[in-house]
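The lines below spell out each chain.
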Amino acid sequence: MTDTPRARKRTPLLPGLLVLSLLTAGALFAPLLAPSPPAAQSLENGLAAPALDHPLGRDRLGRDQLSRVLYGARVSLGIGLGTVALSLMLGVLLGCAAGYLGGPVDFFIMRLVDVLLAFPGLLLAIALAAVLGPGAGNVVLALGLTAWTSYARLARGEVLSLRRREHVLAAEAMGLGPARVVARHLLPLLAAPLLVQASFGVAGAIVAESSLSFLGLGVQAPSPSWGSMLNDGRSFLLVAPHLTIFPGLAILFTVLGLNSLGDALRDRLDVRFPG
Amino acid sequence: MLPYLSRRLAVLVPTVLGVATVVFLLTHAMPGDPVDIMLGEYAQAADREALSRRLGLDRPVSVQYLSFLSGLARGDLGRSIQGDQPVAELVALHAPATAELALAALLIAIAIALPLGLLSAWKAGGAIDRLSLTGSMLGVAVPNFWLGPMLVLLFSIQLGWLPVSGRGGAAHLVLPALTLGTAMAGLLVRMTRSSLLEVMGEDYVRTARAKGLGESMVMLRHVLANALTPLLSVLGLQLGGLLAGAVITETIFAWPGLGRLMVQAIYSRDYPVVQGCVLVIAVTYVLVNLLTDLAYAWANPRVNYGDDDD
Amino acid sequence: MRGILYTAPKAPVLRAIAGVCLGLIGLSAASLLLPGCNAAPPRQAGTLAVALEAMPTQLDPRLATDAHSSRIASLLFASLLRRDAGGRAVAWLASSWQAVDPLTWRFELRTDFVFHDRRPVTADDVVASYRALMDPDLGSPRKAMLASVQSIEKTGPYEVVFRLSQPDAAFLEAASFAILPSELAAERHLSSEQLIGAGPYRLLEVRHGDSILLEAHADYADGHPPIERIEFRVIPDETMRALELQHGSVDLVQNALDPDTVSWLKENAGHLEIRRSPSNSFQYLGLNLDHPALADKRVRRALAMAIDRQAIVDYLLAGRARVASGLLPPQHWAHNDGGPAIVYAPDRAGRLLDRAGYLRRGPNGTRLTLDYKTTTQQLRRRLAEAIAAQLSALGVELKLSSWEWGTFYSDIKKGNFDSYSLAWVGISDPDILRNVFHSGMTPPLGANRGRFADRRVDRLTDKALLTETVQQRARLYARVQKRLAALLPVIPLWWPENVVVTNRRLEGFTPHPSGDLLGLASAELLEKPPPVDSSSEGRAVREPLR
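Chains as they are written, first to last, in the working numbering: chain A, 30 to 304; chain B, 30 to 339; chain C, 4 to 549.
These are calculated hints, taken from the structure and not from any lab test.
Heads up, some of the hints might be wrong.
[As the list claims (entries may be wrong)] Beyond 12 Å from chain A on every Cβ pair, some chain C residues (computed):
(1) E111
(2) D311
(3) M444
[To be verified] Listed next, with one range per pair, are the computed distances between beta-carbon atoms:
(4) A:E201 / B:L323: 26 to 32 Å
(5) B:W190 / C:T513: 43 to 49 Å
(6) B:V317 / C:D69: 43 to 49 Å
(7) A:P84 / B:A200: 36 to 42 Å
(8) C:A456 / A:F282: 55 to 61 Å
(9) B:E78 / C:R91: 32 to 38 Å
The C-beta atom is built at its ideal place from N, Cα and C for all residues, glycine as well.
Let the hints inform the model, and build the full structure from the sequences given.
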């Protein structure tokens, strides 16, 4: 790093880590923290405003919002992590193959990337979701199958530039097969930028889930996810704004935290890549 | 330049073919029959078959695919199943609306992001920097379907300055473009800032400072131009995200654009319309990317045309 | 991308940036200025703006099937007959009609009806219109409803005769089809300029995906409509429809707002008025009788007894529905709510399930698991969740899944469901009972999606189709409804009200139970709203409804 009088300060790691741990704690300990079962309805008390007994208010069916936000953390985080895991695996596999093997493999995979990128983003997920059907698992599939391109490009770019490094050439000279070379000698160098991309990816998946919910696809009732809570609350924007504010804040803090984490990691791991 | 250009153009064909194939497969894989949806509950089997035959939907899928491709080669996008209009006509009717919205959103995003990004990079680490970073993430994380009605509540209902929804004159464009543009502004702020910071740390900038140039001159002549050019190619990529966000914004604001047309066509299983829209958007996207990459390459002649092609 | 080096800057670089920016600005300016790009000129005074949830897919009345299209079509096209609030046939283009014998119907036409292009409506037009509908090459969905018609002939300049191949008491349903000019009736494809009818309004402009503009037909036989123009605007988002009403840029929204939003508008918008009246809709829970548990009528009755319909109506529908005591709505001429009533009694329901052999597995365990499919519409999903919670107290686990319409519809027709909820909308002839409950009417022939089969119901509904007098038909359908109330192939939920939110400037509009907007032809749009009276929610049809 060059040092100039205006060396940029590194993004603090603490806020991101804090948010992530709060989130994980909330998700893991939801059954203990939630004041009521998330599915417990009480029609007479629908749309109750936030009060002491129900700090985040109640939805139209009288369910406690705080409990649903906590349980929703499980679903949303699960979707975020699941999507990233799937797209990471796919992306790294294809990206490394493209970068390492080159030639027609590279051509074909890059064309695939181009095709996927050319699709208006949400549309592919909509169509996939319509084909696969509703449910959290299918949301992960639909989002994962469309999000792997950034990881693939990243992996490919890194592999291309690291390909000619000495230790790689040495490994090849020793007769190690391509899979081994990539796994042992290239992947570890990829870990840092991939991790950074992944933390942005989790945030992106959580936001994408709420877009899918808007179109009526995604997590099924009565399972709460922040995205579906946001969508359900949409009918009550005028009538009971607390129904959108709290899931929205949850998503907001998560996205802020994860992005901050990603930035902090990038600063510390000395990763340089655009975006 | 020329071999680069011709290589990029050559790659366009398989990409478009790929998009056409994927969209064809996906739409036909969706359960549900457009003929059923059109005829409704009480149609008799004979009528259903007749309509199916007339629309060419009773042919095997492979035949329909080939017919679709051959139509494409002729430039014929087919006819809508629902209303029998040529798809090209439908797309031409709706595309200007989306273009208008996307461009306005882009302009707003740039207008917000460039100055903010500049300020943040200049006073990196300061209060403005932190605020703008938070603001940018807000822009990305706040959903369009919430922001839209909120803006309407303020500007249309409370203040009465702007209309609620629909497409019309410039006044109708403001709120939807603002809604769509804020997410993109969020992304652009961060990219502008990081790009500027990278350039500001480069040797030649230090050299310029060492030569005694004033700070603002340094920024203007040396930093800005170099920092902004990578953004060009990013803008092309972001167009995809813009079109995705446009679907939701168009639905909210009753904006008669391609995004809404597409979503409605998906629901009514109007295959030719979905295929046509996706193809037009995909080709536009690929062309815009090509143009921005070319602009970038022209602006920065040391670009390596060699191995990688993105 | 990593292979890119930064160089010393060049002035041309700045020019490049400037060029791109100017290009963008230029493009957007051009798109704003291009003719035809700027839709929707400002609203003229005296135009009534109506918000629709979705664009009608097809304005050609011969081909349209969805509700939105029929709303607009009924303003553009006149038909031989129309229906009153009780579902009884009322004269329109036809001045009188009679069944000369069970196989022959004669209609005399009024002589003062005139198409939008000033041509008078004659028997030729009627004959041409019906012949086109019956033509297999046109592919009209209406053809199925004309299955019993053998021929139609003109017997005078203003008289037509239909000959049927078999007696069909529901034949008058077909008398509500749009009449088009004879030279256009047989055209395969009609452009919007060619959609000419004899209704109170004519089609002025269709902006695809956006709006439809209608203009009053000066020579309309029942009088020049006071409202000069009606604009139908497509606004897919429910919150925005409410905001448009509040802003005053939309004057009428019918059955397209959530119940809570309507209540909110009532509280917060003094210039709006809520009109509630009975509708011809019936919301029900459909069951698949091929499922071993659902084949047992005790199970079906237990499910019915465990749903607190009144609570759902009170809280989720803001009271704007009536718990259904039968199938056909109360104002319908063939309504009957005899037979065993459904009471909300979850304990008795539990005991009934015990007797049927579905015991709880463990304390508070599950007796039975069923799947429940719904569409993606918000209100429907909320209803599903409320019903699921109530049934889970009974020990019946409902697995909910919501699907977008195309997939949902396809699954329902294929019998790929255990339970679902939908509504009959715009009920007019009671022959719908045959279409839904006759054992021979499983899809694709009819709407018996639950695969219900009962010989008595088959016999009665077949007979009612061949019966002539209204009183006899009513008696037969009464027996059908009583039998269905005992067997419960579907669980009746409620009859939703017709809820219309209007700007108070709209005077004299009477909503129709079918959702038809023909009432607009005799309504007026004032310059300013009249002074406020005591309540802004009223205009309910006088009680009792029967």
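Structure versus earlier hints - violations, ascending order: 2, 4, 5, 6
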